[in-house]
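Chemist: Listed below, chain by chain, are the residues.
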Amino acid sequence: MINLIINGLDVHVPEGSTVLEAARFLGFPIPTLCYLESLSPYGACRLCVVEIGEGARAKLVSSCTYPATEGLKVRTSSERVVKARRMVIELLLATCPQSKTIQDLASAHNVRRQRFRQEHEDCILCGLCTRMCEEQMMAKAIGFRGRGESRSIGTPFDIESEVCRRCGGCMYVCPACQLRCTFTNPEKAICGGCANLAPPCVEKDQFKDLMCYMDPCVACEIKKD
Amino acid sequence: MLKLFSIDDLRNLREIITSDIDIKKPCINICGETACLASEANLIVRAAKGHILGKRLHDKISLRITGCHGFCEMGPTIVTEPQNAFYVKVKSEDVPRIIDATLKNKYVDELLYTDPKSGTKYYSQNEIPFFKNQKRTVFSRNQKIDPIRIYDYIASGGYLAIEKVLSGMTREQVVNEIKNSGLRGRGGAGFPTGLKWEMLAKQPSDEGKYIVCNADEGDPGAYMDRSLLEGNPHGVIEGMLIGAFATGATKAIVYVRNEYPMAIKHLIIALSQARDLGLIGENILGTDFSLDFEVVKGAGAFVCGEETALMRSVEGKVGEPRQRPPFPVEKGIYGKPTAINNVETWANIPIIIEKGASEYAKIGTKGNSGTKIFSLVGKIKNTGLVEVPMGITIKKIVYDIGGGSIGNARIKAVQTGGPSGGCIPADKFDLHIDYDSLAQAGSIMGSGGMIVMDEKTCMVDVAKYFMNFLKSESCGKCFTCRKGTQRMYELLDEITRGQGTMEKLDLLEELALAVKDTTMCGLGQTASNPVLSTLKYFHDEYVQHIIYKRCPAGVCTELVGAPCQNACPVGTEAWRYVALIEKGEYEEAYKVIRAPNPFPSVCARVCDHKCEANCRLGTTGGQPIAVRALKRFITDTVDPSVYNSEKFIPAGEDSRRIAVIGAGPSGLTAAYYLSLDGYRVSVFESEDRPGGMLACGIPEYRLPRNILEKEIDALLNENIKLECNKALGRDFTVDGLFKDGFDAVFLSMGAHKSRTLEFGADSAPHVFSSINFLKAYNLRGEFLAKGRVGVIGGGNSAVDAARAAFRQPDVQNVVILYRRTINEMPAYEEEIKAALEEGVEIRELVTPGSIFTQNGKLTGIECFQNVLGDIDASGRRQPVLNKSKKTLVSFDTLIVGIGEHPDTGFLKEMEIAIDSDGKPIIDPDTLATSREGVFAGGDLVTGSSTVIGAIAMGKKAALVIGRYLRNEELWQTPEIRLPDFFLEPSPESDVETDMELPRIEIPEIPVESRADNFSEVERTISREAAKVECGRCLRCDLAFTQKREDEIAAVGDKAK
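Residue numbers (the working numbering), protein chains in the order written: chain A, 538 to 762; chain B, 4 to 1059.
Be careful, since some hints might not be right.
Said to hold, decoys possible - Once the Cα atoms are required to be at most 16 Å apart in a straight line, the calculated EDC-like pairs of lysine to aspartate or glutamate come out as:
1. B:Lys-650 x B:Asp-680
2. B:Lys-254 x B:Glu-210
3. B:Lys-320 x A:Glu-671
4. A:Lys-620 x B:Asp-509
5. B:Lys-92 x B:Glu-113
6. A:Lys-620 x B:Glu-512
7. A:Lys-620 x B:Glu-210
Claimed, not checked - To list a few chain A residues with every Cβ distance to chain B over 10 Å, as calculated:
8. Phe-565
9. Arg-612
10. Thr-638
11. Asp-659
12. Ala-676
13. Met-708
14. Tyr-709
In case anyone wonders, no lab produced these hints; they're calculated from the structure. Even glycine gets a Cβ: it sits at the ideal position worked out from N, Cα and C.
Start from the sequences, fold in the hints, and give me the full structure.
Modeler: Shown next as structure tokens:
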């Protein structure tokens, strides 16, 4: 067993555990997007950062990939962590404003605006789908391609994969594309916080207490076709 | 094939090789490294071979194609033995001469390295400042051996270290030796190498261990690893052999980027030679130590230089870093313990073993021992690879080794550590370079790239450049690194396009800190450094871009437009009138010149022409357009009355009143523009005529009086009342002005009080301040200079005084005494040149000591000799007084011109705050002084400055005072002024020939006819010359106007 201290509390976890597992065992909430218990940790979304070490050597690490080590001191919601996490969420919002998951995260962490140029992407490249495909479906049909700004997920050379079984596992685990806020089509619309009613963002005055918590609602700013 | 089976075999081999070598036999070493190859070193090699074989000299002289000599700026280079002569920029036709001279133990003088400034020729490589101040240890072998001949390496003492290790040292001894040497990883992070080895040595070895040489050098501007691998691959191999022995590693991998074909080639050749000799493989030299090598070629991802990404790449996976722990020494390539070191680190190992740890640790500083190779590139005279001891100051590298900046622009920063490094400003150049100090200053050592930047480098643009690199080179795994670098680039790009806001700047900093904090690998954690360090040290440049919408360095195209227009303080569209002159539309050209500037004829003569200094033709290798001469041509050719487009509102009795104090260029400009708007302006001048410094400071031979008077007369109108012989403080006060009903006051009295010499010489007879001396002649026609005239100072007013003295009748000779050298003189270059032509003597490096008089007459002064000392923050060498060396110089007249400052003691009583220099304290954005309704500008607030600068401030004052009187916000965001008027380029213009055509010579009256009179020296250029000169213009404006023209044409076509 390994002993470590999380937010001042002693905790014993089996060897090979991660800091995230230890913290969740104690019940400390740490948000994640690219983490799923059944898949290997990857450390892509950086939401689960926690602060370890002390003084000048204190640093932020992703708790999902950081191994629990003997005597490690962890702070899961220090000021530094909260500040960094809010910036991560702001960046996520700037990238994928329509994801209900991300909107909920923003709400939970009181991020009410994003100051960057608004993008409308469908993918945050968390890699859950590729790990799902490789580790659970044993297919390795999709993977990462390119690097930096041209990184994307897909099959090699965009050729239809022979090993893909159309299982849909990739779509099932996706945190960005499930429950998309689709704004003007009331039948399909699931706007953040509005309980599947007709989107309140259309007529905000009417639904004051049910409104989308984004101000302005970045999803609604998508132009109608 | 010879194979070595024991250590004795190696010893014998070395003895055989060395005994074969005739030390006295001359040898020429030609640099065959990539940089020199690019300057056609291959032709030189061919010529050398041809000459040696053709003349059958191969018994008398050896030829060696070596690795990098380091002085890449001067490539291709040749070093000869035994003379140690260093030939630079060699061409193939020079080679026979070099060979023949070397054979005769002589030199080819004109090809030797010559210092461009002092003209000193250096006969020995070691004497050249670039090499003299280095400590070449790791690099020393590069120029002595042919990298693909193993015998060369062995003969020069190669494989001695492994011999020493294998003849009795234990693994622990080797590890301890490295630990004690204090060597830290040269890849950038500076982790102690010995410690890393010790950790690897402790790992269980049953499944094998790896050692890796990281040669994935990807920093833009850094190439020392390449040079080591190309020039001395055996040194790296030997280091790795020792490393493997010490750590028990079973396999060595060299990970080298595929973009280094020559390094790969030399490495593979070296490996096969070593393998053939039995230096690598099974049972090396008959011991039970075995090691095999593998070369892995990287596929061009910058991130693969990061160790965990490198390991994945070696395994054949996508290069993506992973979380540490587990560290590579625990779990590395294929899960086996791995130690990864940089090329330079490995190359240091044999040297440590040979010299011994304690000897090695003596180099450098405590905690940072040894030498470090930097690639010195950018805006610096001597680019190349320099190896210096750790702890050396940046100043020493930049100025002593690098030779300072290329042109006149001041060096303002160095960028170290590649894209993820930071910038260190010039005032921190005393920093001793080591891992810790650089990190503290906000940069990193990185692999040792050192990019020098001068005033023509925009720091926002630099940050943007590196961010552009990082956003495409981030692996993309961490969301904050991938998106963070993209967003930082986006924000920087907005700023460089003038769309930034201060809120966005705060967001940029917040984001940069978050990216630093929340990313996993070294790339992400340092990716913010270019932004954070430039924000820290060059915040003002960001503010200039955001608030003032200007790029001080003139780099950001969308803020700058045409460089000539951008450089001009009043924004004259120089490109436009140059184009108009070429078309022969002189009247239009005059209108363009006159529109922003009420003193066109004056500026055509005395402007310091920043347009020419920034002309793209000049900054990209050609000679700048003679803009001022062209302006002179137009103002001399066209009648000023063609310009009549100003709207004039006559003032009424109830119009608001403004008092302008001082009728110099800034005061008159402000009065003129205010009068146009219908304000009643009174201009008060303390002298008996208007003009300020134009009239009393600038001598007639530069600016004829009638030209000045005509121009001033043209500005005065019925709204302006000029009152001469009225001085503020003497004849009236600010309170009085307000009481008299003035609504606003503009102070522009200039800077007319001379600084005085420390030893109180000013009260001595026949000693004048330059300004009083010039005034005496310019205003009253008095000749004060007699006999032998001395002028102290190096600024414009000193040179003006010297040239004016030269023209006075009773003057024998004129000597300028300056404390630095001519190169450091602040006066305009053309003025200094003219003074020298006219026979004015300039005595450099002298400081006046005391003054001698006899019978109430000046006899001379005592001067101390200075030597040039350390470089100050302005990049100029400080004169250091040498009191022991003094001379007595006889003079009959002495003029002191060591600067002017305003005479404003009385302002304090008028509730206007002034600084210690007497300048009113103003808000630079609004020119407002501490007193409501009082504004100040011109030399009064800047100290002696340029005419055009004063005019610009006068214009600004008119604008701001107008706003003040209308109760508007004083500060308003300036507009970005880009070229917006399309002028068809002439069909015969061609950029290629533009670059080569020479600049026109500006006609001048001959030197002989200049003495004893004050007639104007410069003459107007001819119509033909003007047309030719204008034809050279690169027409930077077309980049902005042509596009729009094309768009309009396209829309027009559609409409049809």
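Chemist: If a hint holds in the structure, say so; if it doesn't, say that too.
Modeler: How the hints compare with the structure:
1. For the proposed pair Lys-650 (chain B) and Asp-680 (chain B), the alpha carbon gap of about 8 Å is at most 16 Å, so the pair holds.
2. For the proposed pair Lys-254 (chain B) and Glu-210 (chain B), the alpha carbon gap of about 11 Å is at most 16 Å, so the pair holds.
3. Distance hint between Lys-320 (chain B) and Glu-671 (chain A) is fulfilled; the C-alpha atoms sit about 14 Å from each other, no more than 16 Å.
4. Of the pairs offered as hints, the one joining Lys-620 (chain A) and Asp-509 (chain B) holds, with about 14 Å between alpha carbons and a cut-off of 16 Å not exceeded.
5. Pair hint Lys-92 (chain B) plus Glu-113 (chain B) holds up; C-alpha atoms about 11 Å apart against a cutoff of 16 Å.
6. About 13 Å separates the Cα atoms of Lys-620 (chain A) and Glu-512 (chain B), which keeps this hinted pair within 16 Å; it holds.
7. Only pairs whose Cα atoms come within 16 Å are accepted, and Lys-620 (chain A) paired with Glu-210 (chain B) is rejected, the gap being roughly 45 Å.
8. In this structure Phe-565 (chain A) is separated from chain B by more than 10 Å, as the shortest Cβ-Cβ distance comes to about 18 Å.
9. A cut-off of 10 Å between C-beta atoms confirms that Arg-612 (chain A) is not in contact with chain B; the least separation is 13 Å.
10. Residue-level check passed: Thr-638 (chain A) sits 14 Å from the nearest beta carbon of chain B, beyond 10 Å.
11. Every Cβ of chain B is farther than 10 Å from the Cβ of Asp-659 (chain A); the closest lies at roughly 14 Å, confirming the non-interface assignment.
12. The claim that Ala-676 (chain A) is not at the interface with chain B holds, since no C-beta of that chain comes within 10 Å of its own (minimum 18 Å).
13. Residue-level check passed: Met-708 (chain A) sits 20 Å from the nearest beta carbon of chain B, beyond 10 Å.
14. With a least CB separation of 21 Å from chain B, Tyr-709 (chain A) remains clear of the 10 Å interface cut-off, as annotated.
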